[in-house]
Amino acid sequence: MVKVEKLTKKFGANTAVDSIDFEVQKGEIVGFLGPNGAGKSTTMKMLAGFLPPTSGTAEVAGCDVFRDSLRAREHIGYMPENVPLYTDMRVSEFLRYRASLKGVPGRRLRERISDVLELCGLEDVEKKMISRLSKGYRQRVGLADAMVHEPDLLILDEPTIGLDPNQIRLVRDLIRNLRRHHTILISTHILPEVEMLCSRVIIINNGRIEALDTPQNLRARLGQAGHVLFDARVPDARAAAADLRKLEGVQTVSIRNDGPWSIFKIQCTPGHDPRETIYQFAVEKNWPVRELSRPPVSLEQVFAEVTNVEEL
Amino acid sequence: MARFFILFRREVASTFHQPIAYVVLFFFLMITGFNFHAGISLLNNGRGTTTVVEAFFNTMYFWFPFLLVFPFTTMRVFAEESKMGTIETLMTAPVRDSQVVLAKYAGALFFYLVLWAPSLLYFVTFQAVTGMNAAGAVGSYIGAYSILILMGMLYTAIGCLASALTDNQIVAAMISFAAILALFFIGLLSFVMPATGSLVREATYYFSPIEHMMDFSRGVVDSRPVVFYTSSTLLVLFATLHVFQYRRWKS
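Protein chains in written order, with my numbering: chain S, 1 to 312; chain F, 1001 to 1251.
Calculated directly from the structure, the hints in this document are not laboratory data.
Quick reminder that beta carbons are idealized off the backbone N, C-alpha and C, glycines included.
Among the hints, a few may not be true.
Facing chain S, from chain F, some residues (calculated, C-beta under 7 Å) [what the hints assert, rightly or not]: (1) Thr1086; (2) Thr1092; (3) Pro1094.
Let the hints inform the model, and build the full structure from the sequences given.
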């Protein structure tokens, strides 16, 4: 569906995207992961036909995005970061305009618009001015716009940024439902989002692809990077730490005191989640437990891991 | 072509969705109404020997709203889309750059025509009230309104170019106002220069909206201004298209 070869974009002396290659098969949801300024948005803008590359090629649904831009654009639904919309229009009016602009024939307009309104849960606000909509609704209007002409490929640039957790969940569910009809390229810097949605992940940093794999493989490769926090009231913290260290899946343990409580930061061995063992152990020892958690792996850690792996 | 009309309709709608359109329309009508009054007074005082149409199109009260209106009709066409980022969704839809530029230009020109359309009513009213002819001949109307459209074409194009150069509407308005005023003052030189034979006077005649209006509102349709305005409009639109594409490639 998408084929990118040696795609490069330079802004003056600054290389935003540096000769990247990847392919996306039909029906996949591929996540672009990377910190701000990594080149995610630039890559997506190039694929959407908004920016021309400095060099390299990209193909969408068999059309060259740069040489045959108009035809390629018919196959692409693009939602830019921050979802720019015409705030002076009503939701259905906006979608009608966008649909006809993207070449949906007149007789299918009504059907397509009611389809996307339903799919994106916009029926209640159909007649509202876009300027009066909340951020979550605007995001959904943006999504509806992106898919109103039934494109083969959806390019969504940070679709959940700036939303509250409920809205994020709604948008995620929506995207998950879209996978049946569309190939989806989605960018984000929220790692759990990628894990929940994507069949494959492209980690991009400084304009280069650092890793390209399924989330499961990536996790395995990243050595399940991370630690477990264990907060309990133990009679002797040092002895407890020594005991914990003997458990399966535990590599190192460090202690921090909080009054009578001890907070153990437990580094796990790759591929293990020792939380259950720790719980059993705490029950056995009759330690009151305040917290047993595994903080989500942050992007920085992943990147640190990725670069380490590359160096090895 | 279908896409052009979709874009054009959107341009017109977005113009009239903004309250500023009605503010401009209000003040524009007020000033042109006053101008009509001034033209009639001039004739009443017996200082002019022209027709009402000629008087209307040649007072300074005509030039003031005429020149001032272009920044308002054109400043938002490209600047607003760049600022809001909607340019990205617009340009990733399957439309040609040239369609977008032309539709935006046509939308601004349409607003300009809407502003001037009510002025026809002044003459109709005049004839109904006084029973006299507002113009010497129909040619006077044809001449005056065709030069009005021709000048509008060029100045709207200049405004569009200014709007494409920046994503700040105020800056766009200032650029277009400065450019239009400069063009107007170059034309004014033809009045300052010695009457005949001067090369500068000959040359500036080509730019001078005042001279063109004087001729055309008398019903003298000269082909030179027609060629000048159409060709320079095309040139400026061509420049606008390239500025628009360049900005898109650069951003």
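Cross-check of the supplied hints:
1. Thr1086: Hint holds; F:Thr1086 Cβ to chain S Cβ min 4 Å, cut 7 Å.
2. Thr1092: holds (4 Å)
3. Pro1094: holds (4 Å)
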